[in-house]
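Asker: Chains as they are written, first to last, in my numbering: chain D, 31 to 348; chain S, 653 to 922; chain R, 44 to 401.
Mixed in with the good hints there might be a few duds.
Cross-link-like lysine to aspartate or glutamate pairs, in silico, EDC-like; alpha carbons within 16 Å at most [unchecked claim]:
| # | chain 1 | residue 1 | chain 2 | residue 2 |
| --- | --- | --- | --- | --- |
| 1 | S | LYS692 | S | ASP835 |
| 2 | S | LYS851 | S | ASP835 |
| 3 | S | LYS810 | R | ASP59 |
| 4 | S | LYS692 | S | GLU665 |
| 5 | D | LYS193 | D | GLU103 |
| 6 | S | LYS770 | S | GLU833 |
| 7 | S | LYS851 | S | GLU833 |
| 8 | R | LYS172 | D | GLU103 |
| 9 | R | LYS53 | S | GLU797 |
What the hints contain is simulated information worked out from the structure, not anything from laboratory work.
Quick caveat: nothing in here was measured; it's all calculated off a predicted structure.
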Amino acid sequence: MHLLYQIFVDPFVQMGAAPDLFAQTLWDGLVAGVLYALIALGFVLIFKASGVFNFAQGIMVVFAALTLVGLHEHGVPAFLALGLTIVVMFVLAFGVERLMLRPLVNQSDVILFMATFGLTYILIGFGQLLFGGDPKVMIANELYLPSGEMRFKGLGGFVSFQKIDIAAVIIASLMVAVLAVFFQRTRIGRALRAVADSHQAALSVGISLEQIWVIVWFAAGVVALTTGIMWGARSEVSFSLQIIALKALPVLILGGLTSIPGAIVGGLIIGIGEKLGEFYWGPLLGGGIETWFAYVIALGFLVFRPQGLFGEKIIERI
Amino acid sequence: MRAPSAGDTALGEVLLAVEDVSLSFGGVRALTGVSFDIRKGEIRAIIGPNGAGKTSMLNVVNGFYQPQSGRITFKGEVRKAMRPYAAARGGIARTFQNLALFRGMTTLDNILAGRALKMRRGFFWQLIRHGPALAEEVEHRRRVEEIIDFLEIAAIRKIPVGRLPYGLQKRVELGRALAMEPDLLLLDEPMAGMNLEEKEDMSRFIIDVNQQYGTTIALIEHDMGVVMDLSDRVVVLDYGRKIADAAPDNVKKDENVIRAYLGQPHGVSV
Amino acid sequence: MLYREVGQYKTSYAADMAVFPILQDRIGLGVILLVAFVGIPLLGNDFLLQAVMIPFLIFSLAAIGLNLLTGYTGLLSLGTAAFMGVGAYACLKLTTYFPQVNIIVWIIVSGFFSAAVGVLFGLPSLRIKGFYLAVATLAAQFFLEWCFIRIPWLFNYAISGAIEVPKRTLAGMALTGPTATSQTRYLVVLCIVVLLTWVASNLVHGRIGRMWMSVRDMDLAAELIGIRLLRAKLLAFAVSSFYCGVAGAMLVFLWYGGAEANVFAIDQSFLILFMVIIGGLGTLIGSFFGAALIYILPIVLRLVPEALGLPLYPATVEHLQFLILGVLIIVFLVVEPSGLARLWQIAKQKLRVWPFPY
């Protein structure tokens with residue numbers, strides 16, 4: 031009885047009793063959710079255009095951030111380093127298309143998925159060799175990213191917003207908006223959507239699959255870089271970020287593998303759900319449930335909607 | 653392929669009865685109020701222009717789709733909504749237009765897979781294999797070899813089916829269906845994509861299966877010659893409705909059928 | 044011409060369906076078993092046994108487990124390490140409560156606990172397929188990892204938070220604990236692995252293996268021939284997790300001698316998945332090949348710079364390992380997506396017609 035009370039009533043009482051804490055947790059969840067959504071966005075881009083489930087998206091985030099910081103450590107001015115990193119991501123996209131996608135072009139999805147595992151390990155090894163395995167500090171100041179916090183009195187106490195978090199939300203929203211416009215309005219965007227629908231049909235109207243794949247992996251790389259900068263600015267740049275990136279998977283499940291709005295909504299749900307779960311229900315279980323709570327949420331969704339919230343229903347024709 | 657038992661339907665009696673079945677997907681009406689029956693021991697053809705709902709009809713019989721209305725009676729019992737595995741256990745086997753073979757396995761293994769329902773040896777015996785499980789495998793292998801000989805595919809039995817030409821793959825699929833020793837065999841366009849010689853072979857196999865083993869057969873087919881030669885009775889579907897149901901010769905002359913296939917004549921009297 | 048089958052006729056179906064129909068294969072297997080049971084314990088040194096053979100066998104068993112699930116049944120799983128962990132912790136609790144029962148018995152029994160957990164986390168496979176199912180197994184992985192750390196009862200409330208392996212004996216010989224010799228432990232591991240491999244072989248060559256492969260190749264068609272999908276999939280989860288659980292118990296009790304929870308972390312799951320992919324999905328021998336390559340390669344990599352006289356930091360060697368592993372995976376997938384087992388098959392094919400080219 032007491033246990034039921036603890037699970038179903040007490041957390042809500044707590045939420046009401048300290049609304050400022052509740053708002054704070056919501057905000058923290060929102061920010062985490064935005065960052066998960068960004069990672070998921072990278073996945074969706076690549077999956078939509080090449081059908082490849084890019085397991086290496088997480089490590090691309092780390093690698094991009096490391097490259098940026100590493101270049102800066104070697105004396106390159108901040109914005110030049112940023113430009114160079116973007117070039118590096120382009121080279122990576124090109125390399126991936128040439129050396130990984132092209133040789134494996136007709137293989138099954140599972141094979142391509144496993145190949146991205148290989149890519150992950152290559153990036154881990156390479157990144158560690160070039161930049162060392164120690165955590166680094168993101169060059170937030172040099173990039174003119176705001177720091178410090180803003181406090182608001184209200185809701186019975188106060189709520190504090192880190193300025194970098196606000197910046198993260200704004201930049202992420204901008205990025206999504208830009209990508210949305212890109213997909214809907216430009217010629218290349220249209221070509222990407224065509225490739226996502228059917229490779230063969232796209233080929234038959236003269237769209238070069240290879241070019242599209244380079245573009246899309248590059249776009250995913252830029253998204254990864256943005257994510258890396260934001261995330262690194264909030265905490266630090268280290269390889270442990272890659273495991274956190276696995277959280278993008280429950281986001282993808284919720285949102286469906288092929289939907290950009292789905293990645294956003296899924297990210298927010300997971301981020302907020304996770305934080306609320308950890309804060310209000312976590313103490314019941316001894317804490318630390320953030321590591322798996324997101325997956326359980328996703329699992330629950332999957333049982334009722336195997337294709338996710340926005341994903342395409344998998345119709346099997348006989 | 654097996655000794656008759658008391659529960660069997662007698663030759664000539666209705667084995668499967670489809671009554672007023674309607675099926676739609678979202679807004680698309682695949683079948684509307686279709687009724688017909690299949691008698692034991694006969695070869696029943698289901699024909700109609702593309703999109704008439706023939707494959708959907710078989711899918712309903714098979715349990716892949718659940719009709720929104722209507723009912724199906726099989727072996728005298730009204731069938732509740734069921735999954736395909738229940739239909740299989742009930743004695744219905746099926747081949748597919750686009751082939752549903754297990755591409756990672758050899759011909760032999762594919763047909764042996766068809767014996768899955770007949771293999772009874774439990775998990776424990778499977779763990780040690782030698783002894784009763786192996787004996788059962790050998791026994792079923794014997795039966796499968798009979799089917800392989802019957803279908804004249806002995807030369808390719810150890811080859812992974814993915815490597816076989818299309819015509820042989822269709823034969824393997826037929827073999828797998830036969831391995832189930834079904835009461836009712838549903839064939840979805842068994843002759844599709846075959847040349848004349850292959851069609852003749854397949855026709856011969858179908859007739860043999862029907863006459864030697866007494867298997868009731870329902871087949872979807874586009875080749876009119878095959879339909880006329882093989883079938884005892886024909887059902888014609890068009891836009892999800894039944895428009896004719898008679899012996900092949902009568903169906904050939906039916907006005908509705910001719911109109912469905914050839915279209916309405918414009919300004920020319922028929 | 045050494046490998047010809049000329050003159051070896053099969054006169055019964057049983058003979059034709061034997062696992063090793065060719066005489067040369069049977070001889071080869073016999074030689075390998077002889078070397079394994081007699082040669083290596085007598086001639087091998089401690090390093091070979093402790094650092095190479097024992098872990099190779101243990102990981103091969105785990106790879107077989109994963110292969111049964113992913114390679115034969117087509118259900119991608121990223122929770123292998125967690126299921127291994129369940130076996131290890133189950134074994135610890137069993138031997139803590141019943142220390143008089145032989146540890147080998149408990150190692151095998153702990154597999155059943157793993158199997159139960161595997162079935163539980165396999166239930167979603169009724170509705171979910173492919174990548175989505177892989178994410179469900181990730182849920183298992185992270186949740187179980189959390190359990191290993193947060194439930195002190197599991198590791199007997201040890202302050203270190205790690206499993207501490209008590210000494211256990213058989214007929215006076217120490218099997219676990221610091222006094223157990225590597226020979227003893229190696230032989231126990233070898234016996235268990237050989238037995239369980241034989242069982243796995245029996246399963247995959249019979250109706251259950253065919254059932255699993257049907258589900259993998261086209262589950263709609265599998266339903267069509269009367270297979271109940273949920274049962275087939277849950278059975279795969281159960282058997283696979285059993286194997287992983289036994290491997291996990293052996294890992295802690297007969298190799299490490301103790302373990303912290305991070306032994307069963309997600310990178311271990313990935314590693315075993317690579318073993319299965321590179322070794323060959325859907326083959327038993329591939330599990331051994333993959334384990335050999337993925338496990339022994341880093342050891343070789345560590346030794347090569349020393350042998351060549353190049354001084355490399357251990358950290359650098361580790362980074363290089365990641366890099367080379369990643370490259371290897373992609374190269375393998377490009378060259379032979381069916382893995383080392385297929386390469387082995389091709390090699391045998393060439394042997395058949397040697398010295399002719401075809």
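Asker: Are the hints correct? Go through all of them and say.
Answerer: Verification of the supplied hints:
no., hint, in the structure
1, S:LYS692 with S:ASP835, "holds, 8 Å"
2, S:LYS851 with S:ASP835, "violated, 24 Å"
3, S:LYS810 with R:ASP59, "holds, 11 Å"
4, S:LYS692 with S:GLU665, "holds, 6 Å"
5, D:LYS193 with D:GLU103, "violated, 25 Å"
6, S:LYS770 with S:GLU833, "holds, 9 Å"
7, S:LYS851 with S:GLU833, "violated, 23 Å"
8, R:LYS172 with D:GLU103, "violated, 46 Å"
9, R:LYS53 with S:GLU797, "holds, 15 Å"
Checked against the numbered hints above, the structure breaks hints 2, 5, 7, 8 and satisfies the rest.
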